[in-house]
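**Q** So the chains spell out like this:
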Amino acid sequence: MLTKPDIEESGEGAAGDVGEALVEASGLEVHFGLRGGLLGRFSGRAAGAVRAVDGIDLTLRKGEVLGLVGESGSGKTTLGRTLIGLTKATAGTVRYRGQDITALGERGLRPLRRRLQMVFQDPHASLNPAMDIRTAVGHPLRIHQLVADEQEYEARVVDALERVGLTPPERYLGKFPGDLSGGQKQRAVLARAIIAEPELLVADEPISMLDMSVRAKILQLMLDLKRDLDLTYVYVTHDLASAKFFCDTIAIMYLGRIVEYGPTAEVFANPQHPYTEALLAAIPEPDPERALPRELPRGEIPDAARPPMGCAFHPRCPVAVEACGWEARDLRTLLENRWLELAPEAATREKSLFADVESLAVDGLSTVAIAPGRGHSPEDVLEYLRHLREEASQAEPREPFWRGVVSMHAESGRAVVEFAPPRDPRLSLIPATGVQVACHLREPVGSTTGT
Amino acid sequence: MATTTLPTGPIEPDASAKGTRFGGLRRITAAIREARGVPRFMLWAGAVISALFVITAVFAPLIAPYSFDTYRSGGHNFPKQGSPDGDHWFGTTVQSLDVLSRTVYGARTALEVMLLAVVFSLILGVLLGLVAGYFGGWLDRILVLVMDALFAFPYLLLAIVAGFVFSGIAGGGVVTAALSITVVYIPQYFRVVRASALSAREATFVEAARAMGAKPSVVIRKYLFGNVIQSVPVITTMNAADGIGTLAGLGFLGLGIQPTQAAEWGYDLDRAIDDANAGMWWTSLYPGLAMVIAILGFTLLGEGLNDVLNPTMRRRRISKVLLPAHTRRRTVTAPALPDVPEGEAVK
Amino acid sequence: MTEPVLSVRDLRVWYGTDRGPVRAVDGVTFDVRPGETLGLVGESGCGKSTLGRGVLGLTPPAAAVDGEVVLRSPGGAGRNLVGLPAKEIQRLRGPELGLIFQEPMTRLNPLMRISQHFEEALRAHHKGLPKQEIKARALAALRGMGIPESRYGSYPHEFSGGMRQRIMIALALVLRPAFIVADEPTTALDVLVEAQIIKILADLRKNFDTSLVLITHNLGIVAEACDRVAVMYAGHIVEQGDAREVFANPQHPYTRELLRSTISLSTTGLHFIPGSPPDLVEPPQGCRFHPRCPVAMRGCATVEPPEVVLPTGVVSACWQQAIEADPALADELGPGGREPLAAVKEISVADEA
Ligand SMILES: Nc1ncnc2c1ncn2[C@@H]1O[C@H](COP(=O)(O)OP(=O)(O)OP(=O)(O)O)[C@@H](O)[C@H]1O
Ligand SMILES: Nc1ncnc2c1ncn2[C@@H]1O[C@H](COP(=O)(O)OP(=O)(O)OP(=O)(O)O)[C@@H](O)[C@H]1O
Ligand code: SF4
Ligand code: SF4
Ligand SMILES: [Mg+2]
Ligand SMILES: [Mg+2]
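Protein chains in written order, with the numbering used here: chain A, 1 to 451; chain B, 1001 to 1347; chain C, 2001 to 2353.
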């Protein structure tokens, strides 16, 4: 389904193998239970869960570099860790070479760990400060009993250090992590990751903590290692520029879901999802000739414990449509943003129309009854909202919120606003591109089934 | 954020070879070497006093003129309650025992008990702390409960109870006394080690070890241990000081070591109370003084170590910089030549 | 041209350490005009933060500072901030000088409401300001950063990272300083939030004539948000000038290499600068960049290059431009001084970061 675009230099090692599925995830979910506040614990009420990974299907082929891209909290790290069994999935399966690793316990996974390695974000914290490089880098060999004697051990460690460019190795063998710079530490971490001959390497933002002049060096090193050792990478990052260069396939994540998934070249050339477009537009461009003024999506990534209804991106989406999941919370945001821009007196006047704006902050309200403020009738509120809608229909760019409002009427002393029923967008393939995207605007015509 | 620090000079091969096994200790010794000012003084004074105490204890048979239970020599009984003189520098007790010898041998007893107690509690406390901190869960809860209960108990009372229990089993010797004291100290090691194991467990390098496929026992030994023993030397020295006091307390109450087994300062002090009322100061002064000095030595050592090793107490030494005269860079203004192809130099 | 609001001349900040003085900032000269944003870029450890703090008089006690930092805002009144008593500088901080840190959570007191932070900041410099007035000014500043009024009473942990950073900016702005140093204000944030904050900073100088020194690792941000840029290397500013000009036609070899090694959307091949920045206790002789410079000449290793003011207004401290500007200067490099320096090829990865 997904084709692997050529990337210079990295093709040779993986020649015959491309296409063989190495890891397959289906219906993968990781939900973290929230402990909740003191009160919640006493009253025994569950505080809900963070849906860090929320229903993900993907296939990782041998020799492929898959990029997981998204903002902080979108679940990239959790997904990467679950793919190699470091985090337990709460539902769904991960198959490594056909074997379901979600069914394995810690003990059953241990032999597989040799093949499935991980590089963590912070090189300064990834190495035991009390262990010298000789012991640290070679430790996987001891754990999996891959060497017969000391000579072989030393030879393998020296070889790994040479591979990652820590030369001459003798200079580093006796050093402690505290004596190394950030880039050198990350090299040592890579040496440790490759020494047991892994097949898959999950690299969690391996360059984001490094100085910019070191980043290219580490990326180059990872490319070299991939070529020499026939590795498959999952590259977790929020830096689209390095992902574009480094990855064959890209999965854009938002609040635990993949919203766009396809060959890198295609995704960057023709972003299909509004979120991908926004991410691409936000990258500052060092070349002043190419720098463009741009429209940024408003707001920030929502709380993963209280995700928006329907498409999780809808509160920030400039082109959202009726079924994207509008709810009471969005009305509150709309009002607050309006009042931010008004003069304080005007804002106070408008605010007095409502008894309690905070009551709109509850999640999951598809129908909301608004109590009017003292001295106002529900009709006043409705009139005000209609006026807002009127105003918005003239404005450019159009405020998408009003598309989701299906009815506003007065009912037993309250102004009732009803929103269109939410529908979850599902990943669907855009023909001829190999890109899958989860957005109502890109759904093939006729498939309006949804949830 | 990235901080690219440059390697600070070459590392001597021997330093790193030593550190291979005890990387955690390497950091401790380095910190001690860098100590300055009051902590340095406390450290050295404490070390010297403690060393004197240890030497006295180890070479007691050579230093003391008589054995701790000798009451006669050369066919003569020692004088009863004799005041200090040329034969008995520190005088003699009501049982005709030489006070100097008893004091010197007392150091030996104190050291034995202290060492045993510290070793027992260290091993048990650190082990339990590591296990509880790393695995968590019900094991952790139970251990924490037990330890907190022990910790909340008045420590002397605890030692007395433990002393009763153990003396029933093992008699009133050095080992029994050490075991009673051990019970008091295990919770201290446990708490500190568990707390650092808890935070180290969340560290990325422990996570990385798990990702490598290391078994829990390997993770604990190779990744947690070196990083949680940092605070242990401080407790050990403080406990050593405290242990001498507790032992004496037990002895004073007659619950410690039987007088026939070894000389013990607390027991001697207890015996000396009546003497002191009768104006015989020597039987109480010398054991008491020895005890105070020994406790002082270990306390100073512990406090010094604490100051040196505790990062929050450590302050960087400020070295003043004198700026040499500054010579400003020359400025050259390039002529605005229209025919200089600016792009040439760029590409 | 308007008079600069801040003029820095030959500023030096050296840290005392056991190994000898660290020449973190070693003779730096630049100007910032009202409403101008100056981007400060360079690799880690080349002295950017030290310079930012040195300008605001916030260096630690172990540092020695000399040179001139002249502040020409109304409160600064053309005084040299270097050597000014700590109390005087403290009085200027807030109404005249502002600082935005990288880590907002470490600067906001977790036990204080946002409202209390504003009250404290405003009370410190305007004694006896009525509560109504404080609230009005704080809300105005917050509104500018897109923080709704309803959050005025919240605690710092109730905000997301991006919001906290915007609150920090609002706190720095509520006193309307004439000059602000922002030390990597967006490094810990996501691309979208980062872009939002950069936009806010850009609006700021338009609306309030605030001058800004923006320290960052991200060259893209400088290109988009800054009027002028200063490139630092090993305690020196090696190139400064109009941001567009510098990015379009980088003059100094270090600037060129830095731009080439940045990974951007248009990157098709990886490039990097060999080696790593020098130890500032013993910086290299001559041009400090010579061990890593691809076009270094023999003379570069011994003689310090002059600053060359180019016709575009860009200033670059490099022998290449110096000789181009005045061929007679080549003699200073000595006989054979213009031969290429081969040392660069020999940097092993061992020295790399
Ligand atoms: N162990 C955990 N317990 C509870 N919640 C967790 C845990 N790990 C992650 N989360 C939550 O799951 C969500 C996804 O986290 P994750 O670390 O996967 O995001 P990310 O995309 O990697 O973000 P970042 O770019 O910040 O690393 C977040 O809301 C986070 O708070
Ligand atoms: N308090 C200090 N004492 C001694 N040396 C210091 C101190 N602060 C910084 N340095 C050194 O001064 C040099 C410059 O540090 P500075 O923090 O200014 O760099 P920077 O350019 O801001 O780097 P980064 O991009 O990592 O923030 C570095 O070599 C650093 O090690
Ligand atoms: S489904 Fe598409 S259009 Fe609707 S909110 Fe999501 S991204 Fe926007
Ligand atoms: S002066 Fe010489 S070494 Fe320095 S940047 Fe210019 S050419 Fe390179
Ligand atoms: Mg992450
Ligand atoms: Mg800095």
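Since the hints were made in silico from the structure, they are not lab data.
There may be inaccurate statements among the hints.
What the hints assert, rightly or not - Which chain B residues face chain C? A few, computed with CB under 10 Å, are given here:
1. E1034
2. V1038
3. R1072
4. H1076
5. K1080
6. G1082
7. H1326
8. R1328
9. A1334
As the list claims (entries may be wrong) - As a list, the in silico DSBU-like pairs of lysine-lysine whose alpha-carbon atoms are at most 35 Å apart:
10. C/K2206 <-> C/K2127
11. A/K88 <-> A/K62
12. B/K1222 <-> A/K62
13. C/K2135 <-> C/K2206
14. A/K351 <-> C/K2199
15. C/K2199 <-> C/K2127
16. B/K1215 <-> A/K62
17. A/K88 <-> B/K1080
18. C/K2087 <-> C/K2131
19. C/K2087 <-> A/K351
We put the CB at the ideal spot given by N, CA and C, even for glycine.
**Q** Any hints this thing doesn't respect? Which numbers, in order?
**A** 2, 3, 4, 5, 6, 17, 19
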